[in-house]
Amino acid sequence: MENNGAEVVELRYYCTIKVHRLMCLELKKFIDRISEIVPAIESSRPRCTSGIKALCTLKIAMDKAKLLIQHCSESSKLYLAITTERIVYRCEKIRKTLEVSLSQIQTMVPLLLAGKISGIAHDLKRAKFPLEPSEEEAGKVILGLLRQAIPVSNSVNDLELEAVQLAALTLKLTSPSAVLIEKRSIKRLHDKATDEDPKKKILKWFFYLLRKYGKTIGRYQDDDSHMQCDETRANDFGTPEPPQEFKCPISMQVMHDPMIIASGKTFERFWIEQWFNEGNQTCPITHMELDNLLMTPNSILKELISVWSSQQGITIPDPYLEPNISSIFSLDSSFSSSIASFPSSVNNLNIQISAVSMRSSETDDVSEFLDDFSERRLSSRHGQKNAVSEKLNHSTESYGNMLASLSRLAAHSWASQCKTVRDVNKTLQENKHACHTSISNSCVEPLIKFLKDAHELNDVKEQKNGAEVLLAILRNNSEMLLFDKDGIYVLASYIETEITGEVLGIIEVLSSHPEYKSMIVASGVLPSILKVLDTKTRDFHSIAMKILCNLSCNCDIGYHIVYLDCIPKLIQLLGDPDLARFCIEIIKNLCSIEEVRFAVAETSSCISDISQILETGTKEEQEHAAGILLFVCREHPDFCQLIMSDTIILSLVHLSLNGNSRGQKIASELLHLLENVKVDPPECSISETDLSQLDISSSSSSQYEDKKPSYRAFRFFGKILSLYSKPSS
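When we follow UniProt numbering, the leftmost residue of the sequence shown carries the number 1, and every step to the right adds one.
Worth flagging that the hints you see were computed from the coordinates, not collected in a lab.
Among the clues, some could well be false.
[As the list claims (entries may be wrong)] Lysine-lysine pairs mimicking DSS-like chemistry, simulated, CA-CA at most 27 Å apart: (1) K546 with K464; (2) K485 with K517; (3) K183 with K200; (4) K64 with K192; (5) K517 with K302; (6) K29 with K172; (7) K125 with K29; (8) K28 with K546; (9) K536 with K464.
[Stated by the list, open to error] DEER-style ranges, computed between Cβ atoms: (10) K531 with T282: 47 to 53 Å; (11) P317 with K93: 22 to 28 Å; (12) S310 with Q244: 18 to 24 Å; (13) D197 with P514: 38 to 44 Å; (14) H412 with T315: 40 to 46 Å; (15) D534 with K199: 48 to 54 Å; (16) L564 with L169: 21 to 27 Å; (17) P514 with Q429: 26 to 32 Å; (18) P577 with I60: 44 to 50 Å; (19) K531 with V156: 47 to 53 Å; (20) D423 with P568: 46 to 52 Å; (21) Q572 with L293: 56 to 62 Å; (22) P514 with N154: 48 to 54 Å; (23) K531 with T315: 44 to 50 Å.
Cβ coordinates follow ideal geometry from the N, Cα and C atoms, glycine included.
Could you build the full structure based on these sequences and the hints that come with them?
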C-alpha cells in the first residue's frame, strides 16, 4: 500500500512553475536522476534494517520534493512570494535527507550502481537553491503592505497601488488572463484552508487587492519579456551542464583522469580500476569480453575537460581523495550478505590490495606499451580509438583513416575535398556498421565548412554528399559528437534548400540530446521547421514533427513553440493519420502551458480528434490523449462537460483496465475526477464581502453557454463507474 501511494505523487505541472522556478528546477533535476536508479536499488535488495530504512527515507523525501514542486506550480503567486523562506528551508531539508539516504545506500549495492549513487550524492552535497532577488523583493513588499493593516476601502490607496504594481510586474500578473488565473489559484487555496487557518484571512486579503486593482495591473502585456526572462533564468540557472562526453559512464561525473580501455570506451580511472579489481573482464557498457585490461590515458579528452572546467570556474575532484567513495571498497566482506549480489564476493576481500598494486605497477607497463599500442590500435591522429573486437579491427582502422582525412579537408583543393567526401560517403553507404566505434570530433568542423563552401559554389551534389556523411556519422557513432552553436546556425540556414531532408535528419538527431535543444532554438530554426509542415513532401513532415516532439519535452522551449502560434497547426494535423501520433505527444508535452489547455478546450474538432485517438490509437497514443484531457479537466470544472460523452468515457474505462501502466493511472484519475462533476455549475463557496465578486468563469462561460451537458452521458457514466468499481474476480 505504501508503494502504491507513493506512485500517485507526480510532477503534474512542473513545466509551469509559477514562483521559485530556479529552486524547483534544481530539485527536479535530482529527483529525475534518482528516479532512474531507484529500480536498480530495489533490485539489489538490501536486507539489513539500515538499508531498508534508508530506502524508505529516500522515497519519502522524493515524494516530498514532488509535492513541493507541485505546490509551486499550482499555488497562488502572491502566497508563494511571501513564503519564500519556508520554501528554501523545505528544499534544504529535502536535499540533506536525499544526500544522507543515498550515502547510506551507496555502501550496500554493487559497484556500477554505487558509482552512479556516488555521483548524485556528490552533486547533492554541492547543490544550491538560488533565490530570485526580484521574487524575494516582491514578497517583502507584500508582507510590508500586510503589516501596515490598511483598512478595507473602495477608494484607491497610493501605498497599496504602488506595492501591488511592483509585485504584479515581478510575478507576471500583467494581463487579464494572468490576473484571472491568480484569482482561481487563490480560490483553490481558500477552499482548502480550514476556518482556523490564518492563511485564509491572508488569501481573502489577496483577493480583495486583485479585485480592487486587477484591471489596473492587467493592462500591461509583457509576454515577450516573460519569455526572455525565462530564457535568461534558464541559462543562468545553477551549475552549467557539462557535455555528456566529459562524464564517466559509471559515475556520471565529469572525469578527473579519463582512461580508454580495449573496447574504445572512456572511463574515470578510479571506477574502471575498481571494476577490473572485482574480477570483471568485460566492458561495463558494451558487456563485450576485452582482449586485455590495459588502460590508456585519454589526454585529448582530459585537456578538453580542463579547458571547460577552467572556463566555468569548476574544480574536478579526484575520486581517490574522496573518503566517502573510497570507503565503499574497504568494507568487510561479511557485509556483502546484506545485498543481493556483487560481481565477485571473493575479489571483494582483497579489493584494497589489488587497487594499490594496480596503481603502483601499472604505470610502467602502460608507458612501455603506449607507443606501439597507439600506432596499432588508434585510427586517428588524436589517438582516441581502439578496435572493439578482433573481427572489426580492419574496418575500424580503415574508417579511422578516412576520418583523419576528413579532419584535414581544408588543406586540400576543392576537387580533392569533394573526392574525399564522396569516398567516405560511399563507404558509409556500403557498410552501415563502419562508424559504430567512438570517433574524434575533429571531422565535424571541416564538414560544416565543406557544406558552407559547397553552398557558396551552388554545388548541390557536394552539399548533399557532405550532409549525408555528417548524418551517417551522427546516427551510427557510439558517442555524441560535439557541435558548437555556429555549426548549428549553419545547418539551420540550409533547411529551406535542396538538402532539406539531410539537414532535418541531422537536427533531429541533435534535438534528442538535451545539451543541444537550446542551441537549436537559439538558431531560429523553429519557424523554418513549421514552414516544412506546409510543403507537400510528406517525408519531411514526419522528421519535422519528430524534431518538434523532441524539443517540446523542454518546458522553456515549449513556450517558444506556443508563441510561434504552432498550436492551431498541431490541432489541425491531429486528423492526419500519419502525423497524429506526433501531434498528440507534442500537445501533451505542451499542455502544462495555460494557453495550450485553453486552445484544446475551445476547439471542438480537437476534442473530437482526441476522442478518436483515445478509442483507436496505440496504448502510448491513448496515454497521451488521456493526459491531455486530464490537463484540460483540471483547468476548470466547465471543461469537464466537454468530454462527458459515452464514447470518451467508455474509452477511458477500457484504457484504465487494458492500457499501459501510465495510461491506466491517468485514465483512473480522470474517471474519478469526472465522477464528481455536477450538472449545474458549482456555486462559489466564498461568499461574504471580500470574495463575493469572485468570477472565475466570466471569460470563458460565454463560449460554452450553448453547449448543454449530455444527461445521457451522465446516466451512462454512473453505470460505467458502478461496473468499474466492482473488484475483478
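Right, here's what the structure says about each hint:
no.	hint	in the structure
1	K546 with K464	21 Å, holds
2	K485 with K517	11 Å, holds
3	K183 with K200	14 Å, holds
4	K64 with K192	19 Å, holds
5	K517 with K302	25 Å, holds
6	K29 with K172	25 Å, holds
7	K125 with K29	14 Å, holds
8	K28 with K546	25 Å, holds
9	K536 with K464	20 Å, holds
10	K531 with T282: 47 to 53 Å	49 Å, holds
11	P317 with K93: 22 to 28 Å	25 Å, holds
12	S310 with Q244: 18 to 24 Å	20 Å, holds
13	D197 with P514: 38 to 44 Å	41 Å, holds
14	H412 with T315: 40 to 46 Å	42 Å, holds
15	D534 with K199: 48 to 54 Å	51 Å, holds
16	L564 with L169: 21 to 27 Å	25 Å, holds
17	P514 with Q429: 26 to 32 Å	30 Å, holds
18	P577 with I60: 44 to 50 Å	45 Å, holds
19	K531 with V156: 47 to 53 Å	49 Å, holds
20	D423 with P568: 46 to 52 Å	47 Å, holds
21	Q572 with L293: 56 to 62 Å	59 Å, holds
22	P514 with N154: 48 to 54 Å	52 Å, holds
23	K531 with T315: 44 to 50 Å	46 Å, holds
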